Each structure stands twice: as C-alpha cells, then as structure tokens.
Amino acid sequence: MTTRVGIVEVAQSVGSESKDNLYEEIYKISKEVLDKAGLSIRDVDTAVSASSDIFTGISCANAYYWDSTAAFLKNGSRQDGESLFSFYYAAMRIMTGHYNTALVVGICRGSEHPETDSLTTLFGDPFSQRPLGLCETVVAAFQMRLYMERYGITEEQCAKVAVKNLGNALRNPYAHRKRRYTVEDILNSQRIADPLTAKQCAPKSDGIVAVLLASEEKTKRLTKKPVWFKGFGCSMDTFSIGDKDLLGGSLRDAASRAYKKADISDPKKEIDLAEVCEPYAFQELLWCEHLGLCDEGEGGKLIDSGRTQIDGDIPVNPSGGVLANNPYISRGLQRLVEVVLQLKGQAGERQVENKMKTAIAHGTTGFAGHCHAVAILGV
Amino acid sequence: MSKKEYKTFDFELSLPYRLAYGPTWTRFFEGLQEEKIFGTKCHQCNRVLVPARSFCPQCFVDIDDWVQVSNEGTLVTWALISFEFYNQPKKPPYAAGLIKLDGADVSMFHLVDGFDMNDLDKVKETLPIGRRVKAVWSEEKKGHILDIKYFQPI
Ligand SMILES: [Zn+2]
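Note that the protein sequences, when read in sequence, are chains L and V. Position in the first sequence (from 1) plus 16 gives the number in the working numbering. 91 is the number that the working numbering gives to position 108 of the second sequence; each next residue is one higher, with no gaps.
These are computed hints drawn from the structure, not numbers from a lab. Please note that the accuracy of each hint is not assured.
[As the list claims (entries may be wrong)] EDC-like cross-link-like pairs, simulated, lysine to aspartate or glutamate; straight-line CA separation at most 16 angstroms:
(1) 24/V <-> 286/L
(2) 24/V <-> 85/V
(3) 125/V <-> 17/V
(4) -10/V <-> 36/L
(5) 107/V <-> 40/L
(6) -13/V <-> 128/L
(7) 19/V <-> 123/V
(8) 107/V <-> 165/L
(9) -10/V <-> 165/L
(10) 105/V <-> 210/L
(11) 371/L <-> 286/L
(12) 371/L <-> 327/L
(13) 83/V <-> 259/L
(14) 83/V <-> 261/L
(15) 285/L <-> 311/L
(16) -14/V <-> 128/L
(17) 124/V <-> 18/V
[To be verified] Derived list of chain L stretches under chain V, where covered just means 3 residues or more per stretch with a C-beta under 8 angstroms from a C-beta of chain V:
(18) 142 to 154
(19) 204 to 211
(20) 228 to 239
[Unchecked claim] Taking CB as the label site, the calculated pair distances span:
(21) 321/L <-> 0/V: 45 to 55 angstroms
(22) 111/L <-> -2/V: 33 to 43 angstroms
(23) 112/V <-> 83/L: 44 to 54 angstroms
(24) 49/V <-> 113/L: 46 to 56 angstroms
(25) 286/L <-> 51/V: 48 to 58 angstroms
(26) 69/L <-> 4/V: 21 to 31 angstroms
(27) 35/L <-> 13/V: 51 to 61 angstroms
(28) 112/V <-> 113/L: 46 to 56 angstroms
(29) 57/V <-> 19/L: 31 to 41 angstroms
Note that the structure is predicted; figures quoted are calculated from it, not measured. Every residue, glycine too, gets a C-beta built ideally from N, C-alpha and C.
Please work from the sequences and hints to get the whole structure.
Quick look at the structure:
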C-alpha cells in the first residue's frame, strides 16, 4: 500500500421510513459529514456512491442524485450494488495520490422500493431460475437447513442471533427494528420460508450513509480521532447456486485477502469487533466461521458462549446489524460506519467498552452470499 | 402498497424485454420437451454440469460433450415457502429445493411437490435431506423450465 488512507468522519440517516425527498436527504447527510470535518464542496476531491437502479426506481439513479453527493463537476464514480465496494474504490482513488479527499455515499430507501424479494428474484437467471421463483430468502432457507443438518446447529442458536441483535438495536438511535425478544418470540413468528421465521429475516429499511476519506496527512489535520484503512478483500463465486456448496462460498477468500493486506495472521486474537452483514439470523454464525472468528461448525457454540454479546470479548453487531437495519444497498457501508464510530469511541449508549485496535466491516448481497466484501479498519 | 400519511408518487413499471436463449439453452429446453434432461461434461474437471453450459465457469474452457442425465436424483436441501413476492410460480405454500440428478455433478433448482404440505412436521418427515425424487412432466410442453412440473419424492 503506497499511501495510508484515513476515515475522517461518518454520518447516517435513521433506518425507519423517511418522509423526506430522497434527493434532499442525500444532500443533508452528505452535508452533515462535510460539516463535521469542517469542509466545503470545494474540498471534496472525488465522490463515489453506491445505489441500485432497480431499488431506486430511477434509471442511472446516480445521474439524478449526483449533485446531492457533492459531486457536481467532479471526477466521481458510482457502484450499482453492495456499497462496501464503493468505500474501497474511493480508498483506491486516494492511494493513487491524485486525490486528498473522497466522499463515499451509500443510498437505499426500503420504504420506497418493492418487497426486497420481488427485487432479488430479478437477480436470478431469466431462463431457468426466475420462472421458478428463486429469490434471496428462499436460497437463505436452503442454506440454513444445510447448515443445521451438517453441523448440528439448532434453530434456537440461530434465533439467539436475532435476540442479541434486536436487543443491541435498542441502544442504536439509527436502527429501524428493535425490541427485547425471547428465543420463543423469534421462533414462533411466521414461518415464511421454513426453516426461516419472519423475525430471523431482515426488514427493509431506509439508509443514506456517508463516509469521508482522506490521505494520511489530510486525515491527521482534519480529525483528532483518525481511523485507518488496513485492508480489503472481496470475492464472488458462481452464479449458478446448484454448482456450489451453499456452506462453502467465497467469504473465506474475501476475508483471507483482507487479512493478508492488513497483516493479520490470527483473526481470532487480532479482531476486536465485527459488524457482519446478516440479513438472515443464522448467517451471522456462518459468516463468523468464514471470517475465521471461530472454527468451522462452531458458530452455534460461539453465540452460546456469549463472547459476541456487546460486553463479550469479540462483540458482533453491537449496532443491531442488518436484522435491525436493512437498507439493502447501503447496509455494507453502514457496517463500516458503525465500526468507525466504535473505534472512535463515539457510539453513544452502545459503545463497546473493550480496548479496541482492529475491527471488521462485512457486506454481502445475492443468493447465499454470492458476493462478499470485507474491510478491515484500525486505530 | 398501503397509503402513506404523507404525499407520495406511486408508479409501476412494465416494460417488454426479449432475451435470446442461444443454442445451448435452446438444446437444453428442447430436451425437456422430449422428457430428457441434458448436461454437458467438462473434459478438464470431468464434471457434468446441469443445466447444460457451453463453457465450464471454473476451468474456463469450451464444453460440448452432451450427456443425458437421469430424471431421478436426491434432494440436497429445500424450503417450504409461505410468503408472497413478485412473479412467483404458484400461490404459497409450496416447496422448492436443490436436486442432484443421478449422473450430474451439480444440483438443479426446482419445485418439489406431489405430497401433502399442510402439516409442517409431516413435510419434514417426507423430505429428509438425501430423499430420492423424480421429475414429474407437464402434459403440455413448451420448451420451458416448467416442462418439468416439479420433482416428487419417490
Ligand atoms: Zn471444468
């Protein structure tokens, strides 16, 4: 890595339904992050955003909202899909040495788009999958059944993830869904795609998320509490779900690439906190395995141990995770925002008390984790 | 969509698209019309891929060795779907799963039907992972994935 990249400031909207116009709210959140850093539009060297036309209902949606991300007449770019990629693209822009600052904005409005699976079914192959109603929740249910069968993970252990995360969300003013539930509440909610119950599936939420990145020198000038970009890895495996082991997947590859760049050899010891993208409760356990935070098949034991609770030694999703807040496109970048707030010591009532040095933000979209991105940040 | 207490602009989009099947899908779907399920075998990794492909995504080489696989196979995993979304194949509840056909090295996504779905416990008894299933064919075939009506437990 040639230049160190710092995260200066972050801002996010609340996850519950917004009555504001999208264009205006993107401006508000982008402006908020610039105000925090004491910058004006002139100081933004480049802008990268993430959104999805099919989720926005506007074709080339970035052309519509471009001005609201402080990108007017700038050299900018846009990612259609998982927003954690846009963070990496912006970081790479700074690493080129051509830009000193970059504004990253993730955009999604759950309150405006159709049911999430009405959109994820359009990810499917039109000839052989779409006519049969393939969608993300159905494949997640396939994956959960295999996970329980192969490793003896129980439905109760999966439900515990929802209990933990929706409980953590009580302390997160940005979270959309929050409540103190019991394992029974989670398991007795509607069986929408057995073995998945409704409360083990993420809601659809609103989320405009902004992150300001800067070169090392500029970061040090703009903030007293810099957070540093340490590593990134991503991977995408085969499109055809029948070709792969639904419990294999590509997250191990994405994670090992990120760890290598961040010089991490033992994630179990070196990772202090993880914000994991778990649109389905059991996925937090499976992804923790693939991220190397526990051994293969040990995800159930990990949640039972209490170690991933907010007061545990490796807190996972202190924000409440995606089960509490699911702006589909911006949810990966939102994981990164939470990691930044936690590392800066600015997470309010949900602040993790452990001394933390290194943390992970993870994003995923598609069938059974088709596409994964892992970012590692540190102080 | 439920009405909001604030002013919203509501719209629906319906636009025509026309996607070419190409020769490989065309041959695969013509096979279904004759109640035959075709895959193609990669000469490098020796896997039989179903539905048939023109290249192996892993080896990145052409494959044109067509093989007919069995209409029977085993259930790899499944779900009982009880919620609604756009463009579903039928009204819920219904089951879908991944089926590994005999002679194939990968599995195929399809509906699983032909048994009583009203009692979840009974469905679970009927569909243990590894359950043998066979293709049930539609009477009228159109060269379409639903020429296989569903897979039924044997
Ligand atoms: Zn091959």
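Now for the hints, and whether the structure bears them out:
For the hint pairing residue 24/V with residue 286/L, the CA-to-CA distance comes to about 44 angstroms; that exceeds 16 angstroms, so the pair is violated. Distance check on the hinted pair: residue 24/V and residue 85/V sit about 14 angstroms apart at the alpha-carbon level, within 16 angstroms; holds. Simply put, residue 125/V and residue 17/V have alpha-carbon atoms about 10 angstroms apart, close enough for the 16 angstroms limit, and the pair holds. Of the supplied pair hints, the one linking residue -10/V and residue 36/L holds, its CA atoms being roughly 10 angstroms apart against a limit of 16 angstroms.
As the CA atoms of residue 107/V and residue 40/L are separated by approximately 50 angstroms, the hinted pair breaks the 16 angstroms bound. Of the supplied pair hints, the one linking residue -13/V and residue 128/L holds, its CA atoms being roughly 11 angstroms apart against a limit of 16 angstroms. Only pairs whose Cα atoms come within 16 angstroms are accepted, and residue 19/V paired with residue 123/V is accepted, the gap being roughly 15 angstroms. Pair hint residue 107/V plus residue 165/L holds up; C-alpha atoms about 12 angstroms apart against a cutoff of 16 angstroms.
At roughly 48 angstroms between alpha-carbon atoms, residue -10/V and residue 165/L are farther apart than 16 angstroms, so this suggested pair is violated. Taking the CA atoms of residue 105/V and residue 210/L, the gap is near 13 angstroms; set against the 16 angstroms cutoff, the hint holds. A hinted pair counts as satisfied when its Cα atoms are at most 16 angstroms apart, and residue 371/L with residue 286/L qualifies at roughly 12 angstroms. Taking the CA atoms of residue 371/L and residue 327/L, the gap is near 12 angstroms; set against the 16 angstroms cutoff, the hint holds.
Between residue 83/V and residue 259/L the alpha-carbon distance is near 10 angstroms, which keeps this suggested pair within the 16 angstroms criterion. For the given pair, residue 83/V sits about 12 angstroms from residue 261/L by alpha-carbon distance, which is consistent with the 16 angstroms threshold. With a C-alpha separation of about 13 angstroms, the suggested pair residue 285/L and residue 311/L falls inside the 16 angstroms cut-off, and the hint holds. Under the criterion of a C-alpha separation no larger than 16 angstroms, the hint pairing residue -14/V with residue 128/L is consistent with the structure, at around 12 angstroms.
For the proposed pair residue 124/V and residue 18/V, the alpha carbon gap of about 9 angstroms is at most 16 angstroms, so the pair holds. Residues of the stretch 142 to 154 of chain L lying with their CB closer than 8 angstroms to a CB of chain V number 12, which satisfies the three-residue condition for coverage. Check on the stretch 204 to 211 of chain L: 6 of its residues sit with their Cβ under 8 angstroms from a Cβ of chain V, so the three-residue criterion for coverage holds. Counting residues of the stretch 228 to 239 of chain L whose beta-carbon sits less than 8 angstroms from any beta-carbon of chain V gives 0, not enough to reach three: the coverage restraint is violated.
Residue 321/L and residue 0/V have their C-beta atoms about 50 angstroms apart, which keeps the hinted 45 to 55 angstroms range intact. A hinted range of 33 to 43 angstroms for the beta carbons of residue 111/L and residue -2/V is consistent with their spacing of about 40 angstroms. The beta-carbon spacing between residue 112/V and residue 83/L, approximately 53 angstroms, falls within the hinted interval of 44 to 54 angstroms. Under the hint 46 to 56 angstroms, the C-beta atoms of residue 49/V and residue 113/L, about 53 angstroms apart, fit the expected range.
Taking 48 to 58 angstroms as the suggested C-beta distance range, the pair residue 286/L and residue 51/V conforms, at roughly 52 angstroms. Range check, residue 69/L to residue 4/V: Cβ separation about 25 angstroms, and the 21 to 31 angstroms hint holds. For the pair residue 35/L and residue 13/V, the supplied restraint of 51 to 61 angstroms holds, since their beta-carbon distance comes to about 53 angstroms. Range check, residue 112/V to residue 113/L: about 54 angstroms between beta-carbon atoms, so the 46 to 56 angstroms window is met.
For residue 57/V and residue 19/L, the hinted distance range of 31 to 41 angstroms is not satisfied, since their beta carbons lie about 53 angstroms from each other.
Checked against the numbered hints listed earlier, the structure breaks hints 1, 5, 9, 20 and 29; every other hint is satisfied.
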